[in-house]
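Using the sequences plus the hints, can you model the full thing?
If you read the sequences in order, they're chains A and B.
Each residue of the first sequence is one higher than the one before, counting from 1 in this note's numbering.
Each residue of the second sequence is one higher than the one before, counting from 1001 in this note's numbering.
Honestly, the hints are just simulated from the structure, not real lab data.
What you are looking at is a predicted structure, and each value in this text was computed from that prediction instead of being measured.
Among the hints, erroneous ones may be present.
[As the list claims (entries may be wrong)] Simulated crosslink set (DSSO-like; lysine-lysine; CA at most 30 Å straight-line):
| no. | chain 1 | residue 1 | chain 2 | residue 2 |
| --- | --- | --- | --- | --- |
| 1 | B | Lys1026 | A | Lys42 |
| 2 | A | Lys91 | A | Lys42 |
| 3 | B | Lys1192 | B | Lys1298 |
| 4 | A | Lys91 | B | Lys1026 |
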Amino acid sequence: MQARYADGRAAVTHEATCAIGPDALTFEHAGVQHIWLYAALKRADDGNGAVTLKRQPDTGERVMLSEEAANALRLAAPALFTPQARGVERKRVVAGVAAGAYALAAAFLLGVPMAAGPIAGVMPEPWRARVSDIAWQQLEGLADYCDSSDEAARILNDAAHRMMNAANVPDRDSIWIIIVDARDFLGQPIPNAFALPDGSIIVTDGLIGLAEHPDEVIGVIAHEIAHIERDHVMKNVISRLGAGVFFDVVFGGSGIGQAIAVVSVGLAGLRYSRGYEAEADQRALDFLDAAGVDPGGLARMFDHLRAYERGGADAEADAESQADGRTRVPSLLSTHPDSAERAERARARAQPGLAPSLTAEQWGVVRRACAAAPPTPQASEIVEESGAVGED
Amino acid sequence: MTAEPAPAQSFAHRGRFFNVLGLAAKNAVLTLLTLTLYRFWARTSMRRRLWSRTWIMGDALEYTGTAWELFRGFLIALPTFFLPTIFIINIAPVALDPNLAGWLLIGFYILVVPLLAAARYLMRRYQLSRTRWRGIRLGLAGSALAFAFASWGWTILQLVSLGWYTPVSRMNRARYLWQNTRFGDQPFDVIKDGRSPQHGLWWPFALGWFGFIAATFTALIAMGIVVAMFGFSGGVDLGAGGEANETMIFAGVAAMLTGALVFLLTLAAFWTPYNAAAMNRIAALLELDGARFRLRVKTIPLFFITLAGWAITAFSLGLLAPFAGFLQVRYVMNRLEMIGQPRFAEIGQAIVPEQKSGEALGEAFDLDMGVGVI
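Here is the structure:
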């Protein structure tokens, strides 16, 4: 049977007559008989129609078989016609790669939050300060400091420090509240509050505008104090950075790899965030209890936020959106646990009848912090109360 | 048995549309299922497929690289490239003095230019060393570092000349790469044909250069038309409430997408003549042991192949990029001819040593989207 032989020493092929035996292919070239055992052969053609054989390990020699020889070889050595003979990996390799990928991802998803605490604990103060600086720079792009909010901020800080004194929060002197005007790209106020690594608590005028009672704002501040007390901010930064770097490097840096990395980091971030939020909720309720502030305020704020998430801050919109199941952020994808569940947990510890945490006058000042929200009807009810809880 | 008969012409690509698309789709699925870790195997199998369908004088090319080599390259890139990069981008801004961190970052971005060139060179070296024809290995001699720094200088000249040095730069790079390319022990040469290497490139380049400006204006006009259409339909009303705002956002997104699309289409239309001319010119200057080459790439087919490639790559999030590469490789190989013949009997086995692992940096920069840079 006809074949061509390339000896691996020059870029030419030589006509050869080959014999297809039960265990080996034999042919003669330049007076030398070559015996190629099937067990030591691989295909070099990737199924392009011209069967080409090479030896393992590769000597550079090639045998290109005629159609007749290839047909005979198929009967004698069917293993040379499997995908593996052409270099295609076995299924177990693919399974191993998949298992390795998921094991790596799982190890990192579990390992990152476990390591974040100890790392945050030993993070040098200058590093922490620089993280805060970066956070402040980013904040400046999103929100404006309210020039007229000094008095409102003083009132909230006084209330927060009364609460921290009562709950004996460590390092409370470094905690300070600032009110900002934050709006989305449509110019709508963003109701939010968050803590920075340097102990600053940022409260937006949108959040104050959403509140109908001072205890609702103080409840949120208690939650943010808990984040600072538990160093959640640094832990979150470390967790997200770690997950980001890991997924970006391991799963490729472009195209679908980038997409998978972004989604993975997002999901990992949600997981970490939700854990921290749940812990902060629990601690906030302890602080409110210690300070004699009704946790029902925090529950009502969660209700407002839920209404906001569902597409409208008023009860009508809430009812409408509840009816059609419409939400702005699906619970599964929210960085916070479900607002309804959080509200229920806070409501379970509500103590109706306690004095409000701010006087009506103070609440009025806070409401006008960025001149965004007028005093609410509830302010008049507060006047009738006996005074602010825990006020010295 | 001979399903894909060996063609008689000197160069031909006989990759079949659905055969390659099937492999690309299988690779895409497995890449997704393995959180992209399968990409080393995907890349290898696609190269094996594309190489093996490239016929030269009746014998097919062969790709002998393995996925494990690519994976090993990736593992090498982890401490040598990824860790320093992570430090400079993510850790240094927090751990170091902000000025020092800033300078480090600037230094990094400056170094990325030669690093990219080196990565491309090393990637080509690996791929050539894993390419055989009639059992004879190809190779790339020369220094990746020298190429990187020369390339850096050419890039700077491109910048200071507002792009007008680009044809010279392209031919310089091609000359360096091809003069160091070996088939077995035989080097390729880039000949002097009595004309400038950039001969025939200036007019197409000028068309592309001015086309960039034209593309920018065309895109802006298209965006304006989209916004105006929304305005005439009463959708955009700055004084109205939330629904109008949402319409405004929709109009903005539609305008941006239209602008990007028009820009890319116009840019491709103006740049393709230059790309076709440059490819043809480079091929015309190559020589292997007395044999010359001729490439007859035409503007209009190359334009549509380029557009098809972009569309396939964009809509598949890069997963089917190798298929886009296949379309281009097939077109080019089928229009390549050899004039004369090298003395094949005199060309011996390669003497340039093989690399042990492949494409560490190329993988880090994802330079070839799974096809090949040769």
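(request) Check each numbered hint from earlier against the structure, then list the numbers of those it violates in ascending order. (result) Structure breaks no hint.
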